[in-house]
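Let the hints inform the model, and build the full structure from the sequences given.
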Amino acid sequence: MDAAAIRRSVRRVAVLAALLLVRATTAGVLPDDRADLFYSKYSGGGMDITGESVLVRKKITENLAVEANYFVDKVSGASIDVLSQASQIKDTRKQKSGTLEYVHDKTTYSLSYINSVENDYKSNTTSFSLKQDMFGDLTTLTLGYTHTNDGVGENNGGAIAWLGHAQSVGYDVGLSQILSKNLIAGVNVNVITDNGYLANPYRSYRYLDSGNAKGYSLASQIYPDTRTSTAVQTEAKYYLPYRAAITGSYRYFSDTWGIVGNTYELDYTHPISNIWILEGSVRFYKQNNANFYSDLYQFAGQYNFMARDRNLAAGQNTTIAAKVTYAFLPDGWKMFKRATATFDVSRIAYKYTDFRNIKYYGISSNPSYQPGTEPLYSFDATVYQIYMSMFF
Amino acid sequence: MNNLRPAPPIRLAPLFRWALLAGGLLLVSGCGNIQPWVKPYERDRLADPIMAWERDSVSAAYLDHVREVREGSRGATGGAGGGCGCN
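In order, the protein sequences belong to chains A and B. 55 is the number that my numbering gives to position 55 of the first sequence; each next residue is one higher, with no gaps. Offset between the second sequence (1-based) and my numbering: plus 1000.
In case anyone wonders, no lab produced these hints; they're calculated from the structure. Possibly wrong hints are sitting among the right ones.
To be verified - Simulated restraints on C-beta separations:
| # | chain 1 | residue 1 | chain 2 | residue 2 | range |
| --- | --- | --- | --- | --- | --- |
| 1 | A | Thr92 | B | Tyr1041 | 47 to 53 Å |
| 2 | A | Gly157 | B | Pro1049 | 47 to 53 Å |
| 3 | B | Asp1044 | A | Tyr70 | 36 to 42 Å |
Backbone N, C-alpha and C fix where the C-beta goes; we use that ideal spot for every residue, glycine too.
And the structure:
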């Protein structure tokens, strides 16, 4: 069930939002008050996921700001992981978060709390970050700490079986550096250590079984109960000879499960007067599999750890995206200084190199595929975002 | 499926404690003696909104979410970083 995979990262994404908030701030001055209405839709791989969000940010004093965000997403459909066509997924997640941000001289402090609730998953996250401008404001250093506690359950026809807890601790260090009048570069490092129940309870491993008409059977995955990951990203943004910007980034990722991932991204931003901003981007991602992953095991209980979660499979994806922002109140209106509306669409092509499509192919299909010879799985997804931001 | 067990965890957390300490020392040591080679009045281009690392935090976090739930990788996508020091 993709909803379960979604939960795994929800807390980190929420923390990221809080950290991005700090990143959007120039140390020493809090950003403008703002209110955002956000709508998103993801369609791909048999899943439809809609997201709705409201965000309000307000300065209490010149040095202190508070931000509140409410996010609801709804999942429906049946992904490749749901082998019974009858099992349509419907799930809703509600997330509330609050952030306090305080500026003193050239230092910005941020404290966030996030609570996310679903029928079968609960998550509480606390994070703290500090941002410091130095060297004549050419350099910005950011330090972040995040602690999360999750409760993981499985929904069996409405009855929730609570399987365990997962905790994670994350550290972020970031450095942003002005290199010239036209060039800014950054390095970000993130380390996360997890322990507890880390598997997705809705995904299964697969093993050969001559007693089953399909030639294989499925069983609950067995994961290690610890994981530590390290990610390092470098990025640079350059102001072109005319009014436009180009951004390049590269991220290297590795973890103690044996996954190594590489991400490349290129983005072009082109404003038209002060009314429109057009953006286009290309992103490429590739990873190898976790060392305990297999599409097909020889028998049940073959190893201590067994997984067939496609997030741990070898694969790659390519994203092409376009975004347009329209400033529709450039001169303000009543209490609003300005407002923008944004439309963003991304097309993502996913390909797996050791995860096979057993939902639509198998012994009983025509032509017949023996276990382990089914076609590899791939799918395309489209992501839409529409949002309005009002600054006051 | 090369190994039956995952590799033992690398103890990176202590490294980060040292990094935090080093960063803290850097902050309190007074770094004001270095002269900025890009003067404040030369930062008009860097202050242009098109040079911001992120303009919309909700959207950026959402896109990270879309990626993270379908990939093995996570983190370091710009949650740290900083502004351009243009004020």
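Subject >> Unmet hints by their number, sorted upward, for this structure >> reply: none
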